[in-house]
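A.B. asks: Sequence lines, in order, name chains A, B and C. For the first sequence, the numbering used here begins at 1393 and goes up steadily by one. For the second sequence, the numbering used here begins at 343 and goes up steadily by one. For the third sequence, the numbering used here begins at 224 and goes up steadily by one.
Accuracy of the hints is not assured; some may be wrong.
[To be verified] Okay, derived cross-link-like pairs now, SDA-like style, lysine to any residue, Cα gap no bigger than 20 Å in a straight line: (1) C:Lys603 to C:Gln688; (2) A:Lys1768 to C:Phe318; (3) C:Lys295 to B:Ala400; (4) A:Lys1806 to B:Ala368; (5) C:Lys295 to B:Leu398; (6) A:Lys1768 to B:Ala385; (7) C:Lys295 to B:Glu381; (8) C:Lys564 to C:Gly609; (9) A:Lys1729 to B:Glu426; (10) A:Lys1729 to B:Ala422; (11) C:Lys302 to B:Glu352; (12) C:Lys603 to C:Glu617; (13) C:Lys353 to B:Arg434; (14) C:Lys295 to B:Asp399; (15) A:Lys1768 to B:Glu381; (16) A:Lys1768 to B:Leu383; (17) C:Lys438 to C:Asn420; (18) A:Lys1729 to C:Gly361; (19) C:Lys683 to C:Ala643; (20) C:Lys295 to B:Ser401; (21) A:Lys1768 to B:Glu392; (22) C:Lys438 to C:Gln469.
[To be verified] With beta-carbon atoms standing in for the labels, derived distance ranges: (23) C:Asp358 to A:Lys1729: 13 to 23 Å; (24) A:Leu1815 to C:Asp358: 52 to 62 Å; (25) C:Asp429 to A:Gln1634: 47 to 57 Å; (26) B:Gln355 to A:Thr1811: 22 to 32 Å; (27) C:Asp429 to A:Gly1761: 22 to 32 Å; (28) C:Leu518 to B:Asp427: 36 to 46 Å; (29) A:Glu1741 to B:Val409: 29 to 39 Å.
[Stated by the list, open to error] Chain A regions said to be covered by chain C (calculated; three or more residues, Cβ under 8 Å): (30) 1488-1494; (31) 1591-1597.
These aren't lab readings, by the way, just hints derived from the structure by calculation. Even glycine gets a Cβ: it sits at the ideal position worked out from N, Cα and C.
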Amino acid sequence: MSVTDSRSLTELAQALANGDTSSVALTEAALTRIDALDGALNSFITVDRESALRDATAADARIADGSAAPLTGIPIAHKDIFCTRGLRTSCGSRMLDNFTPPYDATVVERLRSAGAVVIGKTNMDEFAMGSSNENSFYGPCKNPWDLNRVPGGSSGGSAAAVAAGLVAAATGTDTGGSIRQPAAFCGITGLKPTYGLVSRLGMIAYASSLDQGGPMARSAEDCALLLEAMAGHDPRDSTSAQRPVANYREQLAQSLDGLRIGIPKEYFGEGLDSGVAAVIEAALKEYESMGATLHEISLPRTALSIPAYYVIAPAEASTNLSRYDGVRYGHRCDNPKDLEDLYTRSREEGFGAEVQRRILVGTYALSSGYYDAYYKKAQQVRRFIAGDFASAFESVDVIAGPTTPGIAFALGSKTSDPTAMYLEDIYTLSVNLAGLPAMSLPAGFSQGMPVGLQLIGQHFEEARLLGAAHQFQQRSDWHRQTPKLELPA
Amino acid sequence: MSVSGDTIREIAQLARLAVEDDELPALTSSFNAILDLFEQLQAAPTDGVEPMANPLDASQSLREDVVTETNQREALQAVAPLTEDGLYLVPRVVD
Amino acid sequence: MSYEMVIGLEVHLQLATRSKIFSGSATTFGAEPNTQANAVDLAMPGMLPVLNVQAVRYAVMFGLAIDAQIGKRSVFDRKNYFYPDLPKGYQISQFAEPIVGGGRFAFNLPDGTQSEVGITRAHLEEDAGKSLHEDFHGMTGIDLNRAGTPLLEIVTEPDFRSAEQAVAFLKALHSLVTYLGISDGNMAEGSMRCDVNLSLRPKGSDTLGTRTEVKNVNSFRFVEKAIHCERVRQEDILDDGGSIVQETRLYDADRDETRSMRSKEVANDYRYFPEPDLLPVILSDADIADIVATLPELPRARRARFEEAYGLSGYDAGVLTDERAVADYFEATARASGDAKLAANWIQGDLLAALNADDKNITECPVQADQLAGLIARIKDQTISGKIAKQVFEAMWQGEGDADAIIEARGFKQVSDSGALESMVDQVVADNPDQVAQYRAADPAKRKKLSGFFVGQIMKASKGQANPKMVNDLLIARLDPDDN
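Turn these sequences into a full structure, and let the hints guide you.
C.D. replies: Here it is in structure tokens:
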């Protein structure tokens, strides 16, 4: 059995440039690891062997003739929410089990042109609705640190695949924490960019005003490298920001001297696991030792982010998912007896329980007579939440706290109570409501499981976040820890 | 605020989802638990607050009126469940 | 009982953009099914809308033309419902913040009196696809080529009291939008479709009765007929003591009746909310000023100018300005020929009749404005008579070339040579001694009438080419020697 590869993207790029390895060798090794380990992990939904090896061969030719781009030849994985031309894109749903898009998402296209080799598509909660990966039509992905625990969600497959060393990097999407929470649970680094920084075109929509794609990798430096390739205005996405892409890697070396870090008291109250709290406090002390100053702040409407998010996201989702009607693509029931039967049965059969529940809740929140009390109210509260952040950023540069209230929980432990599952997202949701960038980086362990530190920045200040995370990673090796996979015999 | 099973059936009809009889009690109770969670919102004094539909205060950019798409019917219908003569087929629609 | 009818209209106008409102697909009519339906139009997973600037410009042009409030901030909403011709399961439309707010629209009734109606709003939205009910093994075929075609939905106040008034409004609206160039106005291809909201109330009452909405009435004539039969239907129900059910109905032209639309029976809750894939459309004063600069002269202004500048009657000016292309044609002809009255007469008479007979519109006219002007010039300089001119026009219509070439080729030149005419007069006098005697015996007051016989004979002999005025003068001189 092959050992996992814990090299970073930057190290792999160096090895390729030096001729120490080839893209075909890296790709074959990754495929071998997937064969060996992914039966137990279930982090991939689809692996594209032939195409990956073909792309790897082409990448080697480019490296040989000196025309390599920054990621040329490095195998990566895409969350199965990004459309990939000619490669099945299921979004973790039976609805799209048979769907092969004839187009690439902008993120996929950009990473291809940066040279990355797409090895496959990672597991996820169906339509990105979930915090545990247990809502996948393809079965739950497992946490590589403990196969009895969840990897988090919805980008659980990407987090697990990176943590387990199957690939050095993967894409994820974050609507309410779906990059940061699995990154925290699996001990990797993940960045949710400012809303509008990364194109949503070809990224299957869950909640349009909250969804944002981003990188998941071992280190902040790798995330910076990926983000440079992924970010930038896309004229085909009306919500895409029209601003130039920063050179994130150049800004990694910034000094933290005088960096004002806000510590929201609401992120350290009731519900925070004491083991997690201890790890976060130690990490904050580390920041102080690097010259940063800590300031207690208040984000008073944090608790309201849960109901606000769970109104807004399902409301948008309920209509985003209306297109799945069994007519033009996707699952269609057998022998529909009339049009209503076609719609109802195709959707009933195609969508899992949590997706259906959110469609129902969202439909209700938008329905006549309830719109003002739910949807409109939630969007008003959203403005309060964004305002709380804006006020806080008047006196601090970044905000730090735990990514999640606890460590990765046991598989099946929260599936029976959706509201308990929703409470897991308390520290991540408000960032999406406000459209801010945030990341999770490994900060230590509690009960042998990784703990993530969350850094939140102002709009479009990804460089500052990546720099702060990178400086921390220069002084710690939490992000270099790898799980010892205990495989079933 | 809590809803009955009948209301859930009406919502399901709007959303074109079927709710089986045996699923209804559990669905109703989880639905009501979620609505209880939503009740927290009512405490926020939001009178006169402009709803925030989008996290960035940006405006729509406009596309020039140019035809950029060519006929992709074959590729697009390759993933369709049922087509004939270039048309998508559905059970008979009655006006 | 005697009722007053209250009608409001919703007009769906297809805007004449090249590409769709939210995608780069073509909008050409009549393409093979689904060949103009691309990933965005088909609502493929991950696809997103981007707004077409021309649709915005056209909507604003309409708003400016009716002096309406222009929405400097307008917002797109999703209108949610399931239907196979609606791929996303929602229509992107505008609900709370439309691009065009309230305005007034003045128009003329057929008898020339002026009427006015309130425009509630006009908003941008996307069209749906088409369901084809031919037999596909008992199934319906869906063609999404039309899905995403930009529409401007124009909603009027319930200000109409008769079918005649509603139709006159629609004709004036049609004229306006084709003037503006924002729609091709092709009703047969569905470029202008109308929903009629109609209710009755006892005469003298000022509370509104329950209304019905008759959907998708696609010609002026059908609007008139649909209003008539819906009125009769509602009258019968009310007279029998029944009450009107608020519902959506369909006008069936074959049976000339309206009937309830079963597909719309299920009460819909459209769950409008701001479309999160699009941002608010913000128009600055400068943006609006740029659009103002592109506005053409509008029908009512042009009509007034035609009366003033060309001395045309109100009726003639109305006919000539009804269609922008006709008005342009008229002005080009008048300018080139130097005779606006003759140009007006020819266009309203022979030209429009010929177009009508060949079922052509003015842009397809085989006779160009400068050709018609050439013909008018030959009438004015007396090269040909009005009667010969009709033959020349016919030949031009058939593509035989310009007036001068046809006159030359056919030898149509009017005979004005007095020597040649005199010998013709001599001949006709010599050939008809009885008529000459009768003429000379007649009372001088009746002679004019009798001279017509001789003129006719000469015109016949000259194949119409004799100059009629000269013939007349010579004849009188020849027949009435005593008076000279």
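A.B. asks: Falls inside 52 to 62 Å, the C-beta gap from Leu1815 of chain A to Asp358 of chain C?
C.D. replies: Roughly 56 Å apart at Cβ, these two residues keep to the hinted range, so it holds.
A.B. asks: Need the status of pair Lys1806 of chain A, Ala368 of chain B: alpha-carbon distance at most 20 Å?
C.D. replies: Distance of about 15 Å is within 20 Å: holds.
A.B. asks: Between Asp429 of chain C and Gln1634 of chain A, does the beta-carbon spacing fit 47 to 57 Å?
C.D. replies: 53 Å Cβ-Cβ, so the 47 to 57 Å window holds.
A.B. asks: Verify the proposed pairing of Lys302 of chain C with Glu352 of chain B, using a straight-line Cα cut of 20 Å.
C.D. replies: The hint holds at about 18 Å.
A.B. asks: Taking only the CA atoms, is the gap from Lys1729 of chain A to Glu426 of chain B under or equal to 20 Å?
C.D. replies: Status holds; Cα separation ~19 Å.
A.B. asks: Mind checking the alpha carbons of Lys683 of chain C and Ala643 of chain C for me, to see if they're no more than 20 Å apart?
C.D. replies: holds (15 Å)
A.B. asks: Sort out whether Leu398 of chain B lies within 20 Å of Lys295 of chain C, counting only the CA atoms.
C.D. replies: Status holds; Cα separation ~19 Å.
A.B. asks: So if I understand the rule, the pair passes when the alpha-carbon distance is 20 Å or less; does Lys295 of chain C with Ala400 of chain B pass?
C.D. replies: holds (14 Å)
A.B. asks: Given the hinted pair Lys1768 of chain A and Glu381 of chain B, is their alpha-carbon gap at most 20 Å?
C.D. replies: Distance of about 14 Å is within 20 Å: holds.
A.B. asks: Could you see if the CB distance from Leu518 of chain C to Asp427 of chain B stays within 36 to 46 Å?
C.D. replies: For Asp427 of chain B against Leu518 of chain C, whose Cβ atoms are near 44 Å apart, the range 36 to 46 Å holds.
A.B. asks: Below or equal to 20 Å on CA atoms is what counts here, so check Lys564 of chain C against Gly609 of chain C.
C.D. replies: holds (14 Å)
A.B. asks: Given the hint that Lys295 of chain C pairs with Glu381 of chain B, does the C-alpha gap stay at or below 20 Å?
C.D. replies: Roughly 36 Å between the alpha carbons, so the hint for Lys295 of chain C and Glu381 of chain B is violated.
The structure is inconsistent with hint 7 alone, although it conforms to all the rest.
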